[in-house]
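Asker: Sequence:
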Amino acid sequence: MAREAAELPPKETLSLWIREQAQLKALVVDRDTEAWQRDPGFSGLQRVGGVDVSFVKGDSVSACASLVVLSYPELEVVYEDCRMVSLTAPYVSGFLAFREVPFLVAAVRRLREKEPGLVPQVLLVDGNGLLHHRGFGVACHLGVLTDLPCIGVAKKLLQVDGLENNTQHKEKIGLLRAGGDSFPLTGGSGTVLGMALRSHDHSTKPLYVSVGHKISLEAAVRLTRGCCRFRIPEPVRQADIRSRDYIRRTLGAPTPPAPGSQKVQRPKGGSEQLE
Numbered sequence: 001m002a003r004e005a006a007e008l009p010p011k012e013t014l015s016l017w018i019r020e021q022a023q024l025k026a027l028v029v030d031r032d033t034e035a036w037q038r039d040p041g042f043s044g045l046q047r048v049g050g051v052d053v054s055f056v057k058g059d060s061v062s063a064c065a066s067l068v069v070l071s072y073p074e075l076e077v078v079y080e081d082c083r084m085v086s087l088t089a090p091y092v093s094g095f096l097a098f099r100e101v102p103f104l105v106a107a108v109r110r111l112r113e114k115e116p117g118l119v120p121q122v123l124l125v126d127g128n129g130l131l132h133h134r135g136f137g138v139a140c141h142l143g144v145l146t147d148l149p150c151i152g153v154a155k156k157l158l159q160v161d162g163l164e165n166n167t168q169h170k171e172k173i174g175l176l177r178a179g180g181d182s183f184p185l186t187g188g189s190g191t192v193l194g195m196a197l198r199s200h201d202h203s204t205k206p207l208y209v210s211v212g213h214k215i216s217l218e219a220a221v222r223l224t225r226g227c228c229r230f231r232i233p234e235p236v237r238q239a240d241i242r243s244r245d246y247i248r249r250t251l252g253a254p255t256p257p258a259p260g261s262q263k264v265q266r267p268k269g270g271s272e273q274l275e
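Counted the way the UniProt record's numbering counts, the sequence shown spans residues 1 to 275.
Derived by calculation from the structure, the hints in this document are not laboratory data.
You may find that some hints are simply not true.
Claimed, not checked - With a straight-line cut-off of 25 Å between C-alpha atoms, the simulated BS3-like cross-links for lysine-lysine are:
no., residue 1, residue 2
1, K205, K170
2, K156, K170
3, K156, K57
4, K172, K205
5, K11, K25
6, K156, K172
7, K205, K156
Please build the complete structure, drawing on both the sequences and the hints.
Answerer: In structure tokens:
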């Protein structure tokens, strides 16, 4: 998901957002809730979803919100919803959900109304879940509001609770020899906030997987790996590709270039990579 800098909201709004995050965080379930999650081969899992928000190049308001649903384990797209939206809430580090999640929740609602048989059994999000400043990232927010199992999959390490992208961290990455190898992200508090995962044999850069809602970290890591044809899980990759495509077809406008198979666009000087 691309993030654009914008004017900061008033302190009253930030206080409201903090209270709302705390209230919703109390509803997060960080364990497996579905039978397929406990099955080694995910027997019973048939539909996985991915979401993305892509911005029109040079525009901090106009964007395309996309939801895709893929068959599992084939990873073929069976449903797609792309819509142009106006993101009027400002981008604030740690509060991305208040800017983007309402449009993703609306996409899930439309799917439930139009094609209830295609509602995904789990959502993968380009961002973080429990790996967050206040333990409630965009994947948690979306999961709680949609009541769907949700997984946060970030491309960069969010440096919170003592986690640092330092020499020691890079040495651990160097020990990830093959696709599927991983190591825990243990914060200074002693809490395991997520896992660094080498998602593919041919990708040396790890993904940072964290629980969003209604799934365990172990199942989240296994499923993320199972959804990867390339470095980025296919549900997220397809949501990104199709949202960019929709902008080009609808507006004839470019989108910010994607490094590798996914984009990362941050406000200059921001300390946070992904939420």
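Asker: Tell me the hint numbers this structure goes against, listed in increasing order.
Answerer: none
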